[in-house]
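Chains as they are written, first to last, in this note's numbering: chain F, 18 to 354; chain Z, 104 to 464.
A couple of the hints might just be wrong.
As the list claims (entries may be wrong) - The list that follows gives simulated cross-link-like pairs (lysine-lysine, PhoX-like), each with its CA atoms no further than 25 Å apart: (1) Z:K120 x Z:K341; (2) F:K119 x Z:K297; (3) Z:K341 x Z:K356; (4) F:K137 x Z:K297; (5) F:K119 x F:K148; (6) F:K203 x F:K186.
Hints in this document: simulated from the structure, not taken from any laboratory. Remember, it's a predicted structure, so these values are computed and weren't measured experimentally.
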Amino acid sequence: MKKNLFVTTFSVLLLFLSVGTLCSADITDITFTDTSGNTITLPGIAERVVSLNSDVTEVMIALGVGDRVIGVTDSTLRDDTLMAHLPQAVSVGTWDTPSLEKVLELQPDVVIIYSSSRPKNADIFENAGIKLVALDCYRITTLEDDITALGIMMGVEAAAAEYIEFFNKWKNIIRERVADISDAQKPTVYVEGYTEYSAQGAGSGMDLMLDIAKGENIAASLGEQWPKVTPEWVLMQNPDIIIKVCTPTREVTTEHIWNSVMTREGLEVLQAVQHEDVYIINGRLAYGPRSIAGLIYIAKALHSSVFEDIDPSDVLYEYNDRFVSGTSELDYYSPYL
Amino acid sequence: MLDSDHNSTTHYFHSRKRSFTVLFLFILLLFISFVYALHAGSYAIPPERVFEILLQAITNPDSSSPPSAEQIVILGFRLPRIILAILTGMSLAVAGCVMQSLLGNPLVSPFTLGLSSAASFGAAVGIVFGTSFIPFIPALYENAIIICFAFIFGWFSILFIYAISKMKGTSGATLILSGVVIGYIFTAGVMSLKYITNDEKLREITLWLMGGMWGANWNAVLIVAPIAILCILWLELKAWDLNTLSAGDDVAKSLGVDVERLRLTGLLVSTIAASACLAFTGIIGFIGLMGPHISRMLIGNDNRYLIPCSACIGAVILLLSDTVARTIIAPVEIPVGVIMYVIGGAFFMFLILRGHHRVII
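The shape of chain F in the complex, shown without the other chains:
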């Protein structure tokens, strides 16, 4: 009898210990894959985050956890729209050389970096025991995976799913409507970056968007992501459409840039200029969490009859109302479609 009691008690105790151990391992540890393909394991959801990536910062606001961002870059600090949602954030320097001392002082759970460009002092951070997580949240093709990973990291999977639902809703509308457009029917597009004749080639953000929206990027075969091309090559290609990505300011608006492209010396013979198929798009819509609105704008620019009933600004307003307020009234594109 005593022996049976002892065995039973011991077994129950053992059972409790096992369950306790299992629970402590399962409940606290979280695992996800970052943009670089690394499997990241954290002892719990991140409560204090330093973000060196402004697009990730914006996504965190969209997921409702902007108050957990405690450190941002100088460039994010200058963005009033984002800073209105970041009550705890202070500057940690630049994205490529953040201040180790400041970051240590803030005691973050993680520091978010770009996958393609590690900070120059990244090794120092890792040696100091600071966890670096590479999440991009700017390429339209990896946005869904990045936001899913971010949702797991922050413990807001439901909010992440809501954003992804919003993103996929519009992306699927585009895919369905351009499904019947053959390769031969794709309009040719010259995409220019900030500097004149700096084209955007294969693998660039705009190239990925053109691929989804069924546009033919004339610079895609040049072997570089941002090739500097000659004006006469653009004339020779005579693209159907010109899209210029820019960063408008109060002094230099998208409309102003549109006029400068339309009146640029030598381009008057291009059919795109003659038909006024020139479109200026804010870089904010070419990359990052607002890029779905940019994709809608580009799709409509490429296939106006197919997207006649869709207004890109509707996407922006929905994003503003559901995710990040204050983002709907900026200078995003010209002309209005």
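Using the hints, position chain Z against chain F.
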């Protein structure tokens, strides 16, 4: 005595004949390079069509019909670019040649006096802060912001040199050291601007610093041409005085040359010519070193022939380099500055390995 005089005279005429022959050959080479550059490019245009377009432009410049794409390529893109490359090559080579004579140092170039650093800083200021000025200027002149800043700051280098010369004299060592000071100060400025600006403007600054003919248009040619031509002509008129400098400052003074004034005005005029070009093209190195060195190897140190020969050689080198830069991996364009550094490095390696090169003194 009579024999040595006769030999000297014969040698002089042979030397002069050789100089004219070399000059003629380089002018011919320049013409051939010009024709080649006009035909080379991404847009394939038959040679006869190129000739037809040029003839049409000369005989009927005010044609009312809208230009075709081919006319725009030849007359709007290639021709002003070629002319700008020629003017820039000439200006930089002549400026280098004259500066080497004035300072008695074969390694001096238009950049030695801090011109490139100052102009680079000006361009960087224009790129980073230029948009603030856009509301105050006509849209037509927006691209002129960077050009104006580059030229203005290039001028600062001249003013600084002038101020130093007034305080400390115009010896070669003083002026070169002044150039080093300017170089360091403005380089620090450029580095600071590159650090604080965003990625887009950083790329634009980097491209400008590499040098290229991207800014070439007829407006640029109309501004650069009179400045470059007048400066080169003025420097050629000073060729005799420059020749006397090679015998030393004291000998030159005894022959009636105002050495200090010559040195200062020569440097100022050389810098103006170089600065006017660099404002449009960015930093293009080695022309000011290579052009005079090659000329000196061929025709000696007589500045009457050295200056025009340097001009021709500089023009040929830059024109061919630019043509290669825009065609070698067409339609992608390489900054011509990259080509120049490769050629310049190879050239000076050749001089080192050869173990023999002309020096001024």
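Tested hints:
no.	hint	verdict
1	Z:K120 x Z:K341	holds, 21 Å
2	F:K119 x Z:K297	holds, 23 Å
3	Z:K341 x Z:K356	holds, 15 Å
4	F:K137 x Z:K297	holds, 16 Å
5	F:K119 x F:K148	holds, 15 Å
6	F:K203 x F:K186	holds, 23 Å
Comparing the model with each numbered hint stated earlier shows that all of them hold.
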